[in-house]
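Asks: Single-letter residue listing:
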Amino acid sequence: MSAQSVLLNETAGGPGRDLNAQALRADARREQLRLLALLSPSLFLVFAIIIVPIGWLFWLSLFDEAGAFSAANYARFFEQASYIKTFVTTFKVAFIVTGACVLLGYPLAYMLSQLPRRAASICLIFVILPFWTSVLVRTYAWLVILQRKGLINSWLIDLGVISQPLSLANNLSGVVIGMTHILLPFLVLPLYASMKTIDTDCLRAGMNLGAGPVATFRQIFFPLSLPGLASGVVIVFVLCLGFFVTPALMGGGKVIMWAMRMEQTTSLYSNWGAGAALGVVLLVVTLALLGLFQWLLGARATGVWSSR
Amino acid sequence: MNRTRSVSVVAVAGLMASLAAPAMAGDTITVASWGGTYQEAQAKAFFKPTADALGITIKEDTTNGLDDVRLQVTGNAVKWDITELGADECARGSKEGLFEKLDYGIIDKSGINPKLVHDDWVGISYTSVVLIYRTDVFGDKGPKTWADFWNVEKFPGRRALSGSQATETLSVAALAEGVPIDKVYPVDIDGALKSVDKIRSHVDAWWTSGAQAMQLVKDGEVDMASIWNGRAGTLKKEGAPVSFSFDQGVLTADCMVIPKGAKNKEAAMKALAMFVSPQLQANLPLYVDNGPANEKAFETGKIPPDRIKDINSSPENVKKQVLQDPEFWRDNLVEATEKFNNLVQQ
Chain L
152 MSAQSVLLNE TAGGPGRDLN AQALRADARR EQLRLLALLS PSLFLVFAII IVPIGWLFWL
212 SLFDEAGAFS AANYARFFEQ ASYIKTFVTT FKVAFIVTGA CVLLGYPLAY MLSQLPRRAA
272 SICLIFVILP FWTSVLVRTY AWLVILQRKG LINSWLIDLG VISQPLSLAN NLSGVVIGMT
332 HILLPFLVLP LYASMKTIDT DCLRAGMNLG AGPVATFRQI FFPLSLPGLA SGVVIVFVLC
392 LGFFVTPALM GGGKVIMWAM RMEQTTSLYS NWGAGAALGV VLLVVTLALL GLFQWLLGAR
452 ATGVWSSR
Chain C
19 MNRTRSVSVV AVAGLMASLA APAMAGDTIT VASWGGTYQE AQAKAFFKPT ADALGITIKE
79 DTTNGLDDVR LQVTGNAVKW DITELGADEC ARGSKEGLFE KLDYGIIDKS GINPKLVHDD
139 WVGISYTSVV LIYRTDVFGD KGPKTWADFW NVEKFPGRRA LSGSQATETL SVAALAEGVP
199 IDKVYPVDID GALKSVDKIR SHVDAWWTSG AQAMQLVKDG EVDMASIWNG RAGTLKKEGA
259 PVSFSFDQGV LTADCMVIPK GAKNKEAAMK ALAMFVSPQL QANLPLYVDN GPANEKAFET
319 GKIPPDRIKD INSSPENVKK QVLQDPEFWR DNLVEATEKF NNLVQQ
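Heads up: the protein sequence lines correspond to chains L and C, in order. In case it helps, the working numbering puts the first sequence at residues 152 to 459. In case it helps, the working numbering puts the second sequence at residues 19 to 364.
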């Protein structure tokens, strides 16, 4: 707005310049319309396959079994203690897994970004490779590794490190390990992409001005990698909230997450509204958290996903 | 295999004559069941002989249960002419009016437990929830009753129970409290929940699928568990060191229905009559561990005598078990499941 008024003041020099500005503005508007026309098919698609069903979901959640308007589907969350517990568990797991992904993924992405191109692409293949294996297969593989008579426990016992097997599967730790493994690439890939775009001249300039490696990293590289980190964190966190297969298999029924609850509630109650309400709650809370996240990190760091 | 098939064809021919059904050659019906080895067994035991005898084509599909039926019926897009469900799902769906009325002039209900014969659904087979334990841990002195399973001092070890089927876990919890098998139903839900509360902290896994229960026992993740008899039988056949019996088992029935608005209702009715007939029912335990719903199947002579003792619904084994009451759970499932979840999720 202010930039525009400055521009207007500057161009207030004469009638010719004014005309020019008008023509430019008209041109810009035409271009915007053209872009909108080009975008309209995809916008329509988004509207038809995302906005409409979500609206429908919300609508369904407002009806009870008999088809009458009611808030019963939401009241249930407070009447039955297990829903709140499930909700807390879901966010607890999401925070832990996201944290683990950051701790493991940041150094990995940093290393990848520093490697020569050829070596980096080979290493990237190893990051992407698990994507080609089904989540189910990977989860079962973790069960084989982590369970009471699994690889890790039998090795540790044979080596005499422990006498009683560790409880690694069928509890929270199993869920966290399995989910971290599956979600790690979702953090590494955007982070790596953003690290690659960091101008090395900035780092050299910092060194040139007397900053040591640590200071260069902390004051230049890390802040510049934040947008990539933020988008990776958001992707991982949101995917965590909707995870089903891994907690269902690795949690031993003791780590119930929201998506598992949706499945159970949908089949337990004879109306879709019961399950729909769970979906609505998750969606609203997730959006609120994302908003909070964006506000906390500021516009610069979040620029990647809320790009203008 | 050939022998059984020729036997069943002859049997079916006899049945056909008694039904005096008009020829319906050319009709196609779609039957949905649970998939996997169970449905493969049903295909051999029920679908193929029925298709041959009636001269119809039976197409197969798989179902996830009552939700699928509700979706099809309320959406006016009924794909199936017959579908299998759990008996408590049948009872619930019946209350919701999702099924066509069955014609017991065509379907002969004799031999089927009256609790599984209703206006719009009929029992088709039985699964049992049984107590399994690992013999490499306990030898042959493992927990035999649910009271043993609940006794953590006498039988130390890791335990798994069903977390997804509150109905089954509450039934065995009642048995663990010493409720006699004929008094379990109607279940004293609060009493059963108190019983679950006692064992809760000693349960290392609450399984949510049959495959998971099997994996937990097979890999030695737990030493004892509640498990479906079909899965238990498979473990034994695979050579896993396990033992189980039908003592204090919980018999849960499956049922079949014709979804409201099915396109080939007439043909479906005749096919369903064949499926529950003693002759075809007797085929089922030849291929899978799920017992026939029609007890007259045991009088056909088709089931080898040494096999009968391993079938959960044989007259001998039925006496040792609790029959899960579908109508009780129709009315109490939601409340009991929510209470169960509140207790188990700590």
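In short, the hints are calculated from the structure, not lab data. Owing to the predicted nature of the structure, the values given are computational and were not obtained by experimental measurement. Some hints here could point you the wrong way.
Claimed, not checked - Residues of chain C placed beyond 12 Å of chain L at every Cβ, according to the derived structure: (1) 88; (2) 129; (3) 198; (4) 240.
Said to hold, decoys possible - Quick list of in silico lysine to any residue cross-link-like pairs, SDA-like style, CA-CA up to 25 Å: (5) L:405 with C:208; (6) L:236 with C:220; (7) L:300 with C:283; (8) C:255 with C:283; (9) C:172 with C:229; (10) C:113 with C:95; (11) C:236 with C:113; (12) C:236 with L:219; (13) L:236 with C:351; (14) C:113 with L:323; (15) L:405 with C:336; (16) L:243 with C:361; (17) C:113 with L:216; (18) C:212 with L:243; (19) L:300 with C:212; (20) C:113 with C:283; (21) L:300 with C:137; (22) L:243 with C:236; (23) L:300 with C:360; (24) L:405 with C:95; (25) C:283 with C:156; (26) L:236 with C:238; (27) L:236 with C:217; (28) L:405 with L:370; (29) L:243 with C:156; (30) L:300 with C:229.
Even glycine gets a Cβ: it sits at the ideal position worked out from N, Cα and C.
Asks: Are the hints correct? Go through all of them and say.
Replies: A quick look at each hint next to the structure:
1. 88: 7 Å, violated
2. 129: At roughly 31 Å from the nearest Cβ of chain L, residue 129 of chain C sits farther out than 12 Å, so the non-interface label holds.
3. 198: Holds, because the least Cβ-Cβ distance between residue 198 of chain C and chain L comes to about 29 Å, which exceeds 12 Å.
4. 240: Given a closest Cβ separation of 8 Å, the condition is violated.
5. L:405 with C:208: Status holds; Cα separation ~22 Å.
6. L:236 with C:220: 20 Å, holds
7. L:300 with C:283: 52 Å, violated
8. C:255 with C:283: 40 Å, violated
9. C:172 with C:229: Between residue 172 of chain C and residue 229 of chain C the Cα gap is close to 28 Å, so the pair fails against 25 Å, i.e. violated.
10. C:113 with C:95: Holds, at roughly 20 Å.
11. C:236 with C:113: Not OK: residue 236 of chain C and residue 113 of chain C at ~39 Å, beyond 25 Å, violated.
12. C:236 with L:219: 48 Å, violated
13. L:236 with C:351: This hinted pair holds, its Cα atoms lying about 21 Å apart.
14. C:113 with L:323: With Cα atoms ~39 Å apart, residue 113 of chain C and residue 323 of chain L exceed 25 Å; violated.
15. L:405 with C:336: 33 Å, violated
16. L:243 with C:361: 20 Å, holds
17. C:113 with L:216: It holds: about 12 Å lies between the C-alpha atoms, which stays within 25 Å.
18. C:212 with L:243: Answer violated: residue 212 of chain C to residue 243 of chain L is near 29 Å, above 25 Å.
19. L:300 with C:212: Violated, at roughly 32 Å.
20. C:113 with C:283: Satisfied, since the Cα-Cα distance of roughly 20 Å is no more than 25 Å.
21. L:300 with C:137: Violated: residue 300 of chain L and residue 137 of chain C sit about 50 Å apart, past 25 Å.
22. L:243 with C:236: Given that 25 Å is the threshold and the Cα spacing comes to 31 Å, the pair is violated.
23. L:300 with C:360: 31 Å, violated
24. L:405 with C:95: 38 Å, violated
25. C:283 with C:156: 53 Å, violated
26. L:236 with C:238: The given pair, whose Cα atoms are some 29 Å apart, is violated under the 25 Å limit.
27. L:236 with C:217: 20 Å, holds
28. L:405 with L:370: Cα-Cα ~43 Å, so violated.
29. L:243 with C:156: 38 Å, violated
30. L:300 with C:229: Status holds; Cα separation ~18 Å.
Consistency with the previously given hints fails for numbers 1, 4, 7, 8, 9, 11, 12, 14, 15, 18, 19, 21, 22, 23, 24, 25, 26, 28, 29, ordered from lowest to highest.
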